[in-house]
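Visitor: Here is what each chain is made of, one letter per residue.
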Amino acid sequence: MNQPEKGSILLVEDEENLHEALKLNLELEGYGVSSAFDGAAALKAIANEYFDLLILDIMLPEMDGLAVTESIRISNNEIPILILSAKNTSADRVSGLKKGQMIISQNPLIWRSFYYAYTNS
Amino acid sequence: MATDTRKLKLRRTTIVYWSLLVYILAALLWWLISLEKQNQRIRAEQLQLLELQAPQLNPIEKEKRVAVIESLARRNSTKYISEGITFLIVILIGAVGVFRAVRRQLRAQQQQQQFMMAVTHELKTPIAVTRLNLETMQRYKLEPEKQEKLIRIALDETSRLNFLTNNILVSSQLENKGFAGEKEELDFSLLVTDCIKDMGNRFPGRIIDSVIEPEIDLLGDALLLQILLNNLLENAIKYSPATSIITVQLRKVGKQVVLEVADQGEGIADAEKKKIFERFYRIGKEATRTTKGTGLGLYLCERIASHHQATLGVSDNSPKGSVFHVNFAP
Chain A
1 MNQPEKGSIL LVEDEENLHE ALKLNLELEG YGVSSAFDGA AALKAIANEY FDLLILDIML
61 PEMDGLAVTE SIRISNNEIP ILILSAKNTS ADRVSGLKKG QMIISQNPLI WRSFYYAYTN
121 S
Chain B
122 MATDTRKLKL RRTTIVYWSL LVYILAALLW WLISLEKQNQ RIRAEQLQLL ELQAPQLNPI
182 EKEKRVAVIE SLARRNSTKY ISEGITFLIV ILIGAVGVFR AVRRQLRAQQ QQQQFMMAVT
242 HELKTPIAVT RLNLETMQRY KLEPEKQEKL IRIALDETSR LNFLTNNILV SSQLENKGFA
302 GEKEELDFSL LVTDCIKDMG NRFPGRIIDS VIEPEIDLLG DALLLQILLN NLLENAIKYS
362 PATSIITVQL RKVGKQVVLE VADQGEGIAD AEKKKIFERF YRIGKEATRT TKGTGLGLYL
422 CERIASHHQA TLGVSDNSPK GSVFHVNFAP
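Heads up: the sequence lines are chains A and B, in that order. For the first sequence, the numbering used here begins at 1 and goes up steadily by one. For the second sequence, the numbering used here begins at 122 and goes up steadily by one.
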């Protein structure tokens, strides 16, 4: 893998095809991307390694994205978290905000604004 | 939050319902008591009047009149009580009917909402992947292998989308009682073999073992039968470990054609075995469930089976997992 220029990201998404597409895009944008396919693997990776950002799918097998966020925040880890939600319901957004994260849509167009917001922050 | 609002609404409706019912029953009781009191008062006044007229009457006549007054009062009491009981029964039957109808309605509404959420997720994911892949190719000049891969993934996702929309469309078609479909004599063995081959291409990592008796002909709708088998195979793949084997058997038992799809997943609890064929039903609670799906697949399989005069059932696989079997009547 190339040396990440912009930062390292942990991508947690269990849909293989979506995972690959997101990973490729982030890598092409110059981020270092590590992969996890479920909540437990994500928590393990975060405990062992430093990441600049966590991108988390809300619907994961066994432990969902909100539960993962809660565990991370309980252990006092302040890593920025972006939640992916295809459902994009207000309920998801509110519980996401309560747990200290941002929710974005799976709509690829919104990814552009994410790149913009993240690279300019 | 939507659930909270729904719960609040449900609680309010329940409170209003019970208050109304209690009010109606109390009113009924109150009417019964006041009518009975009135009845007793009339009886007492009539007896009093009789006492006043008594000097002009002979004792036999007086006794006769007392008996008439008493019997009228008794008849009125019986009338009020029996009418009260009839009203009580009618009110209770109505209340139970309303209660059950409202619950059924709420449950249907809830399932519909869950279905919409599930469908949204299921439909949006392949669209998001395809779009993301196309945009990636538009934005970057990629190496041919990478480009090839993105195209393959996009094609995969469009066939998934196709499968899902087929499910939704066919299930709404089958809802229509007049739906006749187009049945023709077809080589079912070939159809099953082709479906397994397609599924093998879609999930290259999975092992699907098959024992297909050749040249089994069936009168059926090829598209519907494909949907039936694809749903059973998809479920077997979805609900069993990636390294486990899925077994498909097609054979003739006497004049019956029997199709079986067996997996080595967690299996299905006996209590759930009937419910899984209900429309929108999904095992477990929506909030804690982590597998994806619409709750349409098995409902659709059941509808397609009955459209072909076949029965669809599920039993336990040994040592673990489930076997779905479709028995086509001769």
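Hints in this document: simulated from the structure, not taken from any laboratory. In this text the structure is predicted, and so the values were computed from the model without any measurement. C-beta: ideal position from N, C-alpha, C; glycine also. Hints are not guaranteed to be accurate.
[Stated by the list, open to error] Quick list of the computed label-pair ranges, beta carbon to beta carbon:
| hint | chain 1 | residue 1 | chain 2 | residue 2 | range |
| --- | --- | --- | --- | --- | --- |
| 1 | A | Gly7 | B | Lys130 | 39 to 49 Å |
| 2 | A | Gly7 | B | Leu311 | 48 to 58 Å |
| 3 | B | Pro265 | A | Ile79 | 48 to 58 Å |
| 4 | A | Gly7 | B | Ile248 | 44 to 54 Å |
| 5 | A | Glu62 | B | Pro325 | 40 to 50 Å |
| 6 | B | Glu303 | A | Gly7 | 51 to 61 Å |
| 7 | B | Leu311 | A | Arg73 | 55 to 65 Å |
| 8 | A | Arg73 | B | Leu255 | 30 to 40 Å |
[To be verified] Think about it this way: if two alpha-carbon atoms lie no more than 30 Å apart in a straight line, the pair counts; the simulated BS3-like pairs of lysine-lysine are:
| hint | chain 1 | residue 1 | chain 2 | residue 2 |
| --- | --- | --- | --- | --- |
| 9 | B | Lys304 | A | Lys23 |
| 10 | B | Lys245 | B | Lys158 |
| 11 | B | Lys128 | A | Lys23 |
| 12 | A | Lys6 | B | Lys262 |
| 13 | B | Lys270 | B | Lys304 |
| 14 | B | Lys128 | B | Lys441 |
| 15 | B | Lys394 | A | Lys23 |
| 16 | A | Lys6 | B | Lys270 |
| 17 | B | Lys394 | A | Lys44 |
| 18 | B | Lys200 | B | Lys304 |
| 19 | B | Lys267 | A | Lys6 |
| 20 | B | Lys359 | B | Lys373 |
| 21 | B | Lys394 | B | Lys318 |
| 22 | B | Lys304 | B | Lys267 |
| 23 | B | Lys394 | B | Lys270 |
| 24 | B | Lys396 | A | Lys23 |
| 25 | A | Lys23 | A | Lys44 |
| 26 | A | Lys44 | A | Lys6 |
| 27 | B | Lys262 | B | Lys318 |
| 28 | B | Lys373 | B | Lys318 |
| 29 | B | Lys304 | B | Lys395 |
| 30 | B | Lys359 | B | Lys441 |
| 31 | A | Lys23 | B | Lys158 |
| 32 | B | Lys304 | B | Lys245 |
| 33 | B | Lys128 | B | Lys158 |
| 34 | B | Lys394 | B | Lys128 |
| 35 | B | Lys245 | B | Lys267 |
Visitor: For each hint, tell me whether it holds in the structure or not.
Guide: Status of the hints after comparison with the structure:
no. : hint                            : result
1   : A:Gly7 to B:Lys130: 39 to 49 Å  : holds, 46 Å
2   : A:Gly7 to B:Leu311: 48 to 58 Å  : holds, 54 Å
3   : B:Pro265 to A:Ile79: 48 to 58 Å : violated, 37 Å
4   : A:Gly7 to B:Ile248: 44 to 54 Å  : violated, 29 Å
5   : A:Glu62 to B:Pro325: 40 to 50 Å : violated, 25 Å
6   : B:Glu303 to A:Gly7: 51 to 61 Å  : holds, 58 Å
7   : B:Leu311 to A:Arg73: 55 to 65 Å : holds, 56 Å
8   : A:Arg73 to B:Leu255: 30 to 40 Å : holds, 36 Å
9   : B:Lys304 to A:Lys23             : violated, 46 Å
10  : B:Lys245 to B:Lys158            : violated, 70 Å
11  : B:Lys128 to A:Lys23             : violated, 40 Å
12  : A:Lys6 to B:Lys262              : holds, 20 Å
13  : B:Lys270 to B:Lys304            : violated, 39 Å
14  : B:Lys128 to B:Lys441            : violated, 38 Å
15  : B:Lys394 to A:Lys23             : violated, 40 Å
16  : A:Lys6 to B:Lys270              : holds, 25 Å
17  : B:Lys394 to A:Lys44             : violated, 37 Å
18  : B:Lys200 to B:Lys304            : violated, 64 Å
19  : B:Lys267 to A:Lys6              : holds, 22 Å
20  : B:Lys359 to B:Lys373            : holds, 28 Å
21  : B:Lys394 to B:Lys318            : holds, 28 Å
22  : B:Lys304 to B:Lys267            : violated, 44 Å
23  : B:Lys394 to B:Lys270            : violated, 40 Å
24  : B:Lys396 to A:Lys23             : violated, 39 Å
25  : A:Lys23 to A:Lys44              : holds, 19 Å
26  : A:Lys44 to A:Lys6               : holds, 23 Å
27  : B:Lys262 to B:Lys318            : violated, 34 Å
28  : B:Lys373 to B:Lys318            : holds, 21 Å
29  : B:Lys304 to B:Lys395            : holds, 28 Å
30  : B:Lys359 to B:Lys441            : holds, 15 Å
31  : A:Lys23 to B:Lys158             : violated, 84 Å
32  : B:Lys304 to B:Lys245            : violated, 33 Å
33  : B:Lys128 to B:Lys158            : violated, 44 Å
34  : B:Lys394 to B:Lys128            : holds, 28 Å
35  : B:Lys245 to B:Lys267            : holds, 23 Å
Comparing the model with each numbered hint stated earlier shows that hints 3, 4, 5, 9, 10, 11, 13, 14, 15, 17, 18, 22, 23, 24, 27, 31, 32 and 33 do not hold.
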